[in-house]
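Protein chains: 2
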Amino acid sequence: MSLELDEISIQQQFEEVIASEDKLAIQEFLNDQNISDVADLIYENEDYECQIISLLNINRAASVFKIIELPTQKRIIKNLPVIKTTELLNELPADDRVAFLEELPTSIVRDLIKTLDPDERIVTLELLGYPENSMGRIMTPDYVYVYEENTVAEVFQTIRKHARGSETIDVIYVINEKGELLDDIRIRDFILAEPNTKVSDMMDGRFIVLHVTDDQEMASEVFKMNNRVALPVTDKNNILLGIVTIDDILWVAEEEYSEDIQKIGGTEALDEPYLDMPFWKLIRKRAPWLVILFVGELLTASAMSFFEDEIKKVLVLNMLVPLIISSGGNTGSQASTLIIQAMAKAEITIADWFTILKREIKSGLVLGGILGLVGFLRTYMWSYIEPHLYGTHTFLLAMVTGVSVLGVVLWGTLAGSMLPIFLKRMKFDPATSSAPFVATLVDVTGIVIYFSVAYLFLSGVLL
Amino acid sequence: MSLELDEISIQQQFEEVIASEDKLAIQEFLNDQNISDVADLIYENEDYECQIISLLNINRAASVFKIIELPTQKRIIKNLPVIKTTELLNELPADDRVAFLEELPTSIVRDLIKTLDPDERIVTLELLGYPENSMGRIMTPDYVYVYEENTVAEVFQTIRKHARGSETIDVIYVINEKGELLDDIRIRDFILAEPNTKVSDMMDGRFIVLHVTDDQEMASEVFKMNNRVALPVTDKNNILLGIVTIDDILWVAEEEYSEDIQKIGGTEALDEPYLDMPFWKLIRKRAPWLVILFVGELLTASAMSFFEDEIKKVLVLNMLVPLIISSGGNTGSQASTLIIQAMAKAEITIADWFTILKREIKSGLVLGGILGLVGFLRTYMWSYIEPHLYGTHTFLLAMVTGVSVLGVVLWGTLAGSMLPIFLKRMKFDPATSSAPFVATLVDVTGIVIYFSVAYLFLSGVLL
Numbered sequence: 001m002s003l004e005l006d007e008i009s010i011q012q013q014f015e016e017v018i019a020s021e022d023k024l025a026i027q028e029f030l031n032d033q034n035i036s037d038v039a040d041l042i043y044e045n046e047d048y049e050c051q052i053i054s055l056l057n058i059n060r061a062a063s064v065f066k067i068i069e070l071p072t073q074k075r076i077i078k079n080l081p082v083i084k085t086t087e088l089l090n091e092l093p094a095d096d097r098v099a100f101l102e103e104l105p106t107s108i109v110r111d112l113i114k115t116l117d118p119d120e121r122i123v124t125l126e127l128l129g130y131p132e133n134s135m136g137r138i139m140t141p142d143y144v145y146v147y148e149e150n151t152v153a154e155v156f157q158t159i160r161k162h163a164r165g166s167e168t169i170d171v172i173y174v175i176n177e178k179g180e181l182l183d184d185i186r187i188r189d190f191i192l193a194e195p196n197t198k199v200s201d202m203m204d205g206r207f208i209v210l211h212v213t214d215d216q217e218m219a220s221e222v223f224k225m226n227n228r229v230a231l232p233v234t235d236k237n238n239i240l241l242g243i244v245t246i247d248d249i250l251w252v253a254e255e256e257y258s259e260d261i262q263k264i265g266g267t268e269a270l271d272e273p274y275l276d277m278p279f280w281k282l283i284r285k286r287a288p289w290l291v292i293l294f295v296g297e298l299l300t301a302s303a304m305s306f307f308e309d310e311i312k313k314v315l316v317l318n319m320l321v322p323l324i325i326s327s328g329g330n331t332g333s334q335a336s337t338l339i340i341q342a343m344a345k346a347e348i349t350i351a352d353w354f355t356i357l358k359r360e361i362k363s364g365l366v367l368g369g370i371l372g373l374v375g376f377l378r379t380y381m382w383s384y385i386e387p388h389l390y391g392t393h394t395f396l397l398a399m400v401t402g403v404s405v406l407g408v409v410l411w412g413t414l415a416g417s418m419l420p421i422f423l424k425r426m427k428f429d430p431a432t433s434s435a436p437f438v439a440t441l442v443d444v445t446g447i448v449i450y451f452s453v454a455y456l457f458l459s460g461v462l463l
Numbered sequence: 001m002s003l004e005l006d007e008i009s010i011q012q013q014f015e016e017v018i019a020s021e022d023k024l025a026i027q028e029f030l031n032d033q034n035i036s037d038v039a040d041l042i043y044e045n046e047d048y049e050c051q052i053i054s055l056l057n058i059n060r061a062a063s064v065f066k067i068i069e070l071p072t073q074k075r076i077i078k079n080l081p082v083i084k085t086t087e088l089l090n091e092l093p094a095d096d097r098v099a100f101l102e103e104l105p106t107s108i109v110r111d112l113i114k115t116l117d118p119d120e121r122i123v124t125l126e127l128l129g130y131p132e133n134s135m136g137r138i139m140t141p142d143y144v145y146v147y148e149e150n151t152v153a154e155v156f157q158t159i160r161k162h163a164r165g166s167e168t169i170d171v172i173y174v175i176n177e178k179g180e181l182l183d184d185i186r187i188r189d190f191i192l193a194e195p196n197t198k199v200s201d202m203m204d205g206r207f208i209v210l211h212v213t214d215d216q217e218m219a220s221e222v223f224k225m226n227n228r229v230a231l232p233v234t235d236k237n238n239i240l241l242g243i244v245t246i247d248d249i250l251w252v253a254e255e256e257y258s259e260d261i262q263k264i265g266g267t268e269a270l271d272e273p274y275l276d277m278p279f280w281k282l283i284r285k286r287a288p289w290l291v292i293l294f295v296g297e298l299l300t301a302s303a304m305s306f307f308e309d310e311i312k313k314v315l316v317l318n319m320l321v322p323l324i325i326s327s328g329g330n331t332g333s334q335a336s337t338l339i340i341q342a343m344a345k346a347e348i349t350i351a352d353w354f355t356i357l358k359r360e361i362k363s364g365l366v367l368g369g370i371l372g373l374v375g376f377l378r379t380y381m382w383s384y385i386e387p388h389l390y391g392t393h394t395f396l397l398a399m400v401t402g403v404s405v406l407g408v409v410l411w412g413t414l415a416g417s418m419l420p421i422f423l424k425r426m427k428f429d430p431a432t433s434s435a436p437f438v439a440t441l442v443d444v445t446g447i448v449i450y451f452s453v454a455y456l457f458l459s460g461v462l463l
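If you read the protein sequences in the order shown, they are chains A and B. My numbering numbers the first residue of the first sequence as 1 and each following residue consecutively. My numbering numbers the first residue of the second sequence as 1 and each following residue consecutively.
Please keep in mind that the hints were generated in silico from the structure rather than gathered at the bench. Fair warning: there could be bad hints in the mix.
All copies of an identical chain are treated as equivalent in the list; a pair is satisfied when it fits inside any one copy or across any two copies.
[As the list claims (entries may be wrong)] The list that follows gives simulated cross-link-like pairs (lysine-lysine, DSSO-like), each with its CA atoms no further than 30 Å apart:
1. K358 / K74
2. K424 / K345
3. K74 / K281
4. K358 / K424
5. K345 / K427
6. K66 / K224
Given only the sequences and the hints, what does the whole structure look like? Please build it.
This is the structure:
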């Protein structure tokens, strides 16, 4: 896996065996590789992707299919013979099947669902009925359950009967006749127990459940904090509906973080890898925010023309505009990213807003003080290099720079830190207060702060 | 877990039982709760945190200790009686112990390691000897191994003997006398097998290994692609050194993403939660980048004064500076975030740079075209609202705006997308080309592009 050498040689072996055109040899070779290596072979040999999936044992084909990227999945389903598609979809675990179907247009989903066996069809329709991003969509109904009156020996019989079809047997679920969840017990405890021990004697009634409508995002936190590889999913009457395994959560967590990062950068969340995304679809994800920001930024021109007279009188003021406003934009982006990230990790909640406000006022003053000092020194010293620009009131001009930077940075930190909290409070996604968004907001107000400070210091002297 | 109500009542129950001052009752209450709930109790009752840890059964105390945040961990270790600290540290799984110790100053680590039992001390020192962020630091040496000549019945004997002390028994490792890894077999296969089956008959030799010096970041990808709950870690001679479980990877993945997000926002990666981080430490993480960006942005003032004559002659040019440069900054931040994120997910590699370049040239032209058109219209129409500012050559001025926006946006997309790739190529962290960094870079060059375009269109007319 970690040796580049291995991968090259698998590809080479594949090329050799394909060249031999010996179907049995190809089949044997493919069934002998790790599923992640087969996935790599599919990516590297697009012409053979359908053949590879067709030749694999059906259970291994399903394992490979579920880990490859959506565009490749779609292409394979489109090009595979109908009989193979049917076989593959039926073999896919219910949760992975739903994960794939929910990305397709409704009409195709309807056709594909028709090809499923009756049992699988019912399960699939049921899972598709849960809201997007809910636990219902990623749970699997394939788990092993036992009753509290069973003995350990009986439990092992049940496991032997159902193990093949279930996603994990690391945790076994105890339910009653109504289907209510009573406990979860780890396989290791059964292995350590005497065969005639009753399940009821092993129960501690201490278990964590996820609700079927719970958001997927919170599940990652629950898994982290509870050291489990699988968690049961119940409805509001505590009826066990399915289980969620930690490997699915690893995918969810990665998805959530990617979306957050993309939003912070000012794009809509992409649902496909960058390179696989059709060009115009990518543009549609990128353009709207840029246009909104651009229209917002048009206000800078209005703000600037409002201060036309001041600019005319003291041209040097104008030279510093990009510097001043960007210092606010940068601090604002920084603060908003920190807060969005801390909220995503549940380190802070809306209730902490006042603590954060106090902290960011202090931070804004210190950071603004540091940058303001640099700005002061720059203006003061530059006046010796280009005296014609700065004229005689260098100290006053330097003060204007320093104080404006302090003000703009303070305002940037406050806007950047409070905006995500406000958005969350209003039930919007805090990650929408992307770095560019905060920067634009602070740009416009930064101009007003700057020229107001200038007016305050220079009125009667230069203005 | 998901009901707010439950949490409130656990806290209330805790307050009641604490008020009773009945040590046995408190102990019983605490041992009855889920570890994540005990962790919440610790956060909400800082005064009792040491008492809570002391009163828990030692194995549960260790489970709670490993999931709480570092600052709380440190405080508890500091305030706990020495005998309890010793007991707790010895009980902690080796990987979690190392994860805690690596955050402490060396002098304290030395003292704490002295308190460990000889066996645990050797293991700990060994793990601490591996490079930071390597698999060696998060693997655990507590796993169950068997030999290929064992029968299934013997395997179960081994499991019963070692299950208590090992992190997982979901996967059992087959080694030879030299300690070389031969295969990994899932517990379900043993349960399904006949007791007198030989291990050698169950082996398929198909297993995935991580190398002890592999980077932790890549492990998350390997877990995702291979559907395992634990993976073996070997040295370069294929000697089995330990295993890594998927729940540890969930923590690593979250850590990596948080660091990426923070860097994109222009802070150094924080190693503590936002609210727990001491004020001045947070400032030290935030200030350096802001100062660097500010100093970079000082160049905007130089660029502006370079075009002093043009500004004096056509004052309206100047009003549009913030608009023009920010359009480049925003597109640049967007492009860099997209590329950083796609690289973090290994969707693209350095080798794709030319494909990305071609794609971003097209994107830049389209996005720049859209924004340029908005800019053109704004300037053209505004000249009717404020004719004194725009003078007579409105069409030319509108063209300047449109073409500059197109140019600046194109440049922003290119700089934003190529910079992370370049940084990665130079072995730097691509996330360092944070949104503010790209924005600053594009601000300075944007001014030059803008005034050059203006000169081209207006020279001989207005300039």
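Checked hints:
| no. | hint | verdict |
| --- | --- | --- |
| 1 | K358 / K74 | between (51 Å within a copy, 25 Å between copies) |
| 2 | K424 / K345 | both (14 Å within a copy, 27 Å between copies) |
| 3 | K74 / K281 | within (17 Å within a copy, 49 Å between copies) |
| 4 | K358 / K424 | within (19 Å within a copy, 38 Å between copies) |
| 5 | K345 / K427 | both (17 Å within a copy, 28 Å between copies) |
| 6 | K66 / K224 | both (24 Å within a copy, 11 Å between copies) |
Comparing the model with each numbered hint stated earlier shows that all of them hold.
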